[in-house]
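**Q** Sequence:
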Amino acid sequence: MASSKEVERKAIKLVMKKLHIVDIPPYKQAPADIHEKENQKKRAEALKTEAEKLFENQMRGKVHLKVEYHRHKGRSDAANIIGGIADALNKIAYVDDKQIVEIHYHEALGKVDEYWVEIEEVI
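Counting in the numbering used here, the final residue of the sequence shown is number 130, and the numbers go up one at a time with none missing.
These are computed hints drawn from the structure, not numbers from a lab. Virtual Cβ for every residue (Gly too), placed ideally from N, Cα, C. Mixed in with the good hints, there may be bad ones.
Claimed, not checked - Estimated spans, in silico, between C-beta atoms of each pair:
{"hint": "1", "residue 1": "Ile130", "residue 2": "Asp40", "range": "43 to 53 Å"}
{"hint": "2", "residue 1": "Glu52", "residue 2": "Lys118", "range": "17 to 27 Å"}
{"hint": "3", "residue 1": "His77", "residue 2": "Gln36", "range": "30 to 40 Å"}
{"hint": "4", "residue 1": "Lys49", "residue 2": "Val102", "range": "19 to 29 Å"}
{"hint": "5", "residue 1": "Thr56", "residue 2": "Met23", "range": "16 to 26 Å"}
{"hint": "6", "residue 1": "Ala39", "residue 2": "Asn64", "range": "18 to 28 Å"}
As the list claims (entries may be wrong) - No more than 25 Å apart at the CA atoms, straight line, and that leaves these computed lysine to aspartate or glutamate pairs for DMTMM-like:
{"hint": "7", "residue 1": "Lys44", "residue 2": "Glu121"}
{"hint": "8", "residue 1": "Lys98", "residue 2": "Glu52"}
{"hint": "9", "residue 1": "Lys73", "residue 2": "Glu125"}
{"hint": "10", "residue 1": "Lys48", "residue 2": "Glu59"}
{"hint": "11", "residue 1": "Lys105", "residue 2": "Asp40"}
{"hint": "12", "residue 1": "Lys35", "residue 2": "Glu127"}
Start from the sequences and build out the full structure, keeping to the hints where you can.
**A** Structure representation (structure tokens):
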């Protein structure tokens with residue numbers, strides 16, 4: 008039998024959607040040069056394109072965001088990745104990224120650069 012806390016957690020989920028992108032995630036930081044600026048724009052557009060396929064309506068309530076990033080090589084910055092993803096999903100997955108009240112981020116080495124974004128509306 009499920010405890011009352013488990014039942015309560017199941018009841019608060021309204022909508023959950025998951026995206027998978029094979030690429031480096033978009034970053035929030037200012038690009039170092041014009042080449043990097045174009046790369047950042049392409050990465051944000053790739054995420055937006057996938058999100059537009061999945062979302063018919065924007066989430067209007069509180070949002071939990073979960074990011075799983077498998078990095079092939081190099082270094083990354085979790086805060087800039089989270090900010091880049093949150094900004095790219097504005098006006099597509101949710102009305103505004105200030106709706107995000109909880110964030111989970113995990114990074115691991117992988118064979119290719121790829122990431123998953125799980126967006127969950129809760130009450």
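**Q** If you draw a straight line from the CA of Lys105 to the CA of Asp40, is it 25 Å or shorter?
**A** Violated, at about 29 Å.
**Q** For the pair Thr56 and Met23, does the Cβ-Cβ distance stay inside 16 to 26 Å?
**A** holds (20 Å)
**Q** Is Lys73 close enough to Glu125, meaning Cα to Cα at most 25 Å?
**A** holds (5 Å)
**Q** Quick check: does the Cβ-Cβ distance between Ile130 and Asp40 fall within 43 to 53 Å?
**A** Check passed, 44 Å falls within 43 to 53 Å.
**Q** Check whether the Cα positions of Lys98 and Glu52 lie no farther apart than 25 Å.
**A** holds (13 Å)
**Q** Is it true that the CA of Lys48 sits at most 25 Å from the CA of Glu59?
**A** holds (16 Å)
**Q** Is it true that the C-beta distance of Lys49 to Val102 lies inside 19 to 29 Å, as the hint says?
**A** holds (25 Å)
**Q** Per the hint of 18 to 28 Å, is the separation of the Cβ atoms of Ala39 and Asn64 within bounds?
**A** violated (37 Å)
**Q** Quick one, are Lys35 and Glu127 close enough, alpha carbons at most 25 Å?
**A** Distance of about 22 Å is within 25 Å: holds.
**Q** Are Glu52 and Lys118 spaced within 17 to 27 Å by their CB atoms?
**A** Since the Cβ atoms of Glu52 and Lys118 sit about 24 Å apart, the hinted range of 17 to 27 Å holds.
**Q** Keeping to a limit of 25 Å between CA atoms, is the pair of Lys44 and Glu121 held or broken?
**A** Holds. Lys44 to Glu121 sits at ~20 Å (cutoff 25 Å).
**Q** Measuring from beta carbon to beta carbon, are His77 and Gln36 in 30 to 40 Å?
**A** violated (20 Å)
Checked against the numbered hints above, the structure breaks hints 3, 6, 11 and satisfies the rest.
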